[in-house]
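Chemist: Given next are the chains, with one letter for each unit.
There are 4 protein chains.
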Amino acid sequence: MVIVMAPGASDSDIADVVTHIETHGGQAFVSRGVMRTIVGVVGTEEVLETLDAGRLPGVAETMRITAPYKLVSAQNHAKRTTIRVGGVPIGPDTFTLIAGPCAVETAEQTLESARMAKRAGATLLRGGAYKPRTSPYAFQGLGVEGLRILAEVRDVVGLPIVTEVMDAADVEVVTEHADMLQVGTRNMQNFGLLQAVGACGKPVMLKRGLTATYEEWLMAAEYIAQRGNLDIVLCERGVRSFEPAIRNLLDVSAVPMMQRLSHLPVIVDPSHAAGRRDLVVPLARAGIAAGADGVMVDVHPHPEAALCDGAQALFGDALDELARAVSTIPALLGRTSAAHLAG
Amino acid sequence: MVIVMAPGASDSDIADVVTHIETHGGQAFVSRGVMRTIVGVVGTEEVLETLDAGRLPGVAETMRITAPYKLVSAQNHAKRTTIRVGGVPIGPDTFTLIAGPCAVETAEQTLESARMAKRAGATLLRGGAYKPRTSPYAFQGLGVEGLRILAEVRDVVGLPIVTEVMDAADVEVVTEHADMLQVGTRNMQNFGLLQAVGACGKPVMLKRGLTATYEEWLMAAEYIAQRGNLDIVLCERGVRSFEPAIRNLLDVSAVPMMQRLSHLPVIVDPSHAAGRRDLVVPLARAGIAAGADGVMVDVHPHPEAALCDGAQALFGDALDELARAVSTIPALLGRTSAAHLAG
Amino acid sequence: MVIVMAPGASDSDIADVVTHIETHGGQAFVSRGVMRTIVGVVGTEEVLETLDAGRLPGVAETMRITAPYKLVSAQNHAKRTTIRVGGVPIGPDTFTLIAGPCAVETAEQTLESARMAKRAGATLLRGGAYKPRTSPYAFQGLGVEGLRILAEVRDVVGLPIVTEVMDAADVEVVTEHADMLQVGTRNMQNFGLLQAVGACGKPVMLKRGLTATYEEWLMAAEYIAQRGNLDIVLCERGVRSFEPAIRNLLDVSAVPMMQRLSHLPVIVDPSHAAGRRDLVVPLARAGIAAGADGVMVDVHPHPEAALCDGAQALFGDALDELARAVSTIPALLGRTSAAHLAG
Amino acid sequence: MVIVMAPGASDSDIADVVTHIETHGGQAFVSRGVMRTIVGVVGTEEVLETLDAGRLPGVAETMRITAPYKLVSAQNHAKRTTIRVGGVPIGPDTFTLIAGPCAVETAEQTLESARMAKRAGATLLRGGAYKPRTSPYAFQGLGVEGLRILAEVRDVVGLPIVTEVMDAADVEVVTEHADMLQVGTRNMQNFGLLQAVGACGKPVMLKRGLTATYEEWLMAAEYIAQRGNLDIVLCERGVRSFEPAIRNLLDVSAVPMMQRLSHLPVIVDPSHAAGRRDLVVPLARAGIAAGADGVMVDVHPHPEAALCDGAQALFGDALDELARAVSTIPALLGRTSAAHLAG
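Residue numbers (UniProt numbering), protein chains in the order written: chain A, 1 to 343; chain B, 1 to 343; chain C, 1 to 343; chain D, 1 to 343.
Simulated from the structure, these hints should not be mistaken for laboratory data.
Built from N, CA and C at the ideal position, the CB exists for glycine as well.
One thing to keep in mind: the hints can contain errors.
[As the list claims (entries may be wrong)] Interface residues of chain C toward chain B, partial, derived using beta-carbon atoms under 8 Å:
(1) P68
(2) P132
(3) S135
(4) P136
(5) Y137
(6) M166
(7) D167
(8) A168
(9) A169
(10) N187
(11) Q189
(12) E222
(13) Y223
(14) Q226
(15) R240
Next up, chain A with everything else stripped away, as it sits in the complex:
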């Protein structure tokens, strides 16, 4: 069961709802989004039947959810949710381009990448300070120093920042610097990390696991929501396949499917799906046309010298081509560019 609080519900209203649930023998999970608060209820059939939360002050609606995921399910949402990251909307009415370097290497490279991103129409800056690398001998990111660079570049360029956190122990420091925390593919079921970002107070981008089903992905989002954070954006970034010629197989079906199953925004990362520059723009266009609420791409001023995934970073003509797609296709689908709204 899910109890949706009215927009103006007070903390004390919420506390009363929790008390009501607990005194009837149920468990309550409070999830606060920017727009509204949802209280998830877990309990036996008997417990749920004795509840009478609909009459409590501040309660807008009470709903039974049959899906195994409750707080992130589309079932209790007439319209999909819009999340705001440092003021920039991601949701059903807009289209948001997120761009930046795969890894933060230096202040100069990050600044230059951010300017490329902005010119291409990006309203959010991505960049990795903590890098999950298959090999322990590969560049692991600059850590806190990378976070500081990102924050400085944000001040200069004016784009809120999205950056990955890999360890529950780092959530606090990343939250201090970033506008949105990213949970990566390999950590989609790192439940300790999910719970930590669920309590961090900043929006979270949850990438799909390399071979996660839609339901597993939504259950991972539910771990975040259950700790009180409903500001979650789902990011499709390709699944593992048998095809040796591509790094991952971008599952564009995930865009309409996840938008039907959940009220959360869904974006696409064609760079990590493709692993090669010449596929990034076609895949980005495919994601946009499939109805994604945004796209996230790697850019780099000097990809040949990049410390991480240079082969997939956009620059020059390819980036211009992406900018054209971003400025034309979303409008065909009734979307406004987030660039205009963020301004």
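Following the hints, position chains B, C and D against chain A.
Modeler: Below, chains B, C and D without anything else, positioned relative to chain A:
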């Protein structure tokens, strides 16, 4: 090695090239497309080095191909090929919509479907007379009677027809009725069938096997080309995946990848990938935006009564939505609608 | 519905059952195995309810089968079936080793391979005269000449032969020469071929498709059974996976699962799964220990010179190691070696 | 490059090697196993060429490793490694059965499970105190209380314990109680956790990720080894597949492949692969016959009441059948039961 004949090369020129190859100890495979003829050469390194075909009359070019597929490789093609099906082009400059019923059930249903297809902008009519069904107890198609219905509907509506052939023994009768023969997913490596359609004299649509790599798919096309037929269109229709919520996973990466590896046109079938109506239009849009040369969809006037795959057939609003996508997105990518050219 | 005929039922008894079904508006599919005949019935619920076949002469049992596959389902079988190939049993009480060259190249190579096979404990000889090759430029097999070589070697060595048929048009000639026909992975859903071998009168080995589900595999077997042939052996040979270090992934779960779902024997082909010699014996042992009714392996006297799949052919020590596994592990599972019974 | 220290090398010898590497501009990673210490060296080609570590005291051998994983590679090991867990060997000469409840629920259930495990021939007790669950609403394990129960049961029954750790923050408390730490499938690339168990001083069982390649799995092991812990056992537990009838597909090829690529022991978990009881014993036998160094299974005295994965827990006849397989098949492959050695 591949020997490309000039557009005006005569049969006798081609015969001379074959003789030249065979007298030097090589094997020759002649492949005739609408636009030009290619002669594939197989032989040891020594054989290839002694050849001097470049000086023979009618020879435009002689090229070494390093890919395992020769005749279908992009290596010897400055521009990708345009195939014509009953006059309708499929290729890099146009966008072609193919639509029709999954299975031909009755003359009325086929005619009505064809009219729906045409209204939505289709320039080719699809429809199955021979249906590959997982179960021997399922409707297997009308066979020759279905071919006749298709031919009659073509005469009434004016759309050339594409229909599947499942058995080498049926290639002759299908060739008599159809404008393009389709080889289905399950038969992608039915080598006897590939060779039979390679000799049929009509264009062939080759669907990707359920779990075929790009290279295996191109090797299957090479079987067709090697028997003399270069008028091949490749059709991505989704690959098998671990995700239970979708029937197949549409691999949009296949569009740009196959267009780089091969000179053949590449289209997308979102209906069989999705298996459910609400995904067909988003996936069709994704395929178009990824750069597909065409899209093929199922339509049905009464999907709830369809004998085959009714759940994925478009009609009403969804078909209108597809028509809008077909009339707007290809132009953004510099393509003309095939509808205008076929007229 | 399935009607099981008693062992002594006459042709006229069977004809009466068919007439009974058809006069009530159903369809009848007669399937003759070595041990008994089964009549499959397809019809609406009303049709099935009006039938009263249980009282007809020669009918042993009438059963409703809920699985989508009827004739091959385990539902109406107290014990799994034993198939006999030229007198050699394959079934639940025995363990059968099938070995031989991947491709028949010459009479000498085939004879030598057959002797190696026999020394290792094989009671059936495998060998390919028609080879399904990904590339049209690869060795395609000797065809009819290869069938003749196999038949001669059978006469010399005394092992019944199993060989692949790729085309419905070749079923007659292969049936003349072979003791068992093999339908390969790529043809698992070549329905015309399945129907042709269903009518051939010889046992059939049906290899699993590269990415076929258990149900699709059984439905393919049902196509064969529906045409009257119940002497079918299922062969697991590895499925496609994401792992680049192996050619296919041997699915040992398929052995117990298919033995639960179907009454048909299940064997394993570790050679084509592995694609490399050093994995063949461990995988063969795994298949035996999982409960397979037999194992089929490639052997070659000079693998380095083989025209097809030499890298996976066993010889020398590896073949001895396999022989030891075959002579020890099946006994632990209560099986007799087919070698003793075939004597 | 890898520098293998002699068995009697002192800490000061190791420190000298590290200093030698660092003064030449390289990075040193010290890995201590029970039997020997290995120092991994990372650096440019020039750095590696200037090193002269072979002449330093305590150095047994200096080797260049071409695989991307260095410390866990088989390249510098004449024989595969034997790990000892509370005295119980896991390695190439023995066969080790690990059994116990999926989750620790109560002291009674754990004790009863441990006794079942021991009777079946197990020499190590498994049991989960921290449970990674797809759903946040499912039983998450007893945590520290579960660890205490496991430790008490170990004292009573005499089996060293293996238990999962999900969070770097819990490594210390789990290390206090357990004899071996398990890193689960979902955490195979949780690099912070890998580094934490790399420094914990106890043996580690590293389960394969749901869709990890052999190389990714070994790179994950390298993360552990690089922090100084070479006592790693690799556990194959099934990979994700397209087949809906099974939970995961046990990849038996992984056993011989990983034993060739790495010097580490490799075991198999058929319970989590199968997800259903009737497959566990056939898959366990397959793993043993493929050459696994051990098998790990779930047992439960009352599976129908289990809080986690009861459907796959062995008891009664199935457990007896497993015990028979464990006492017969390994001997055929030249292995001694770990039960005899642990005594």
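Chemist: Hints broken by the structure, by number, lowest first?
Modeler: none
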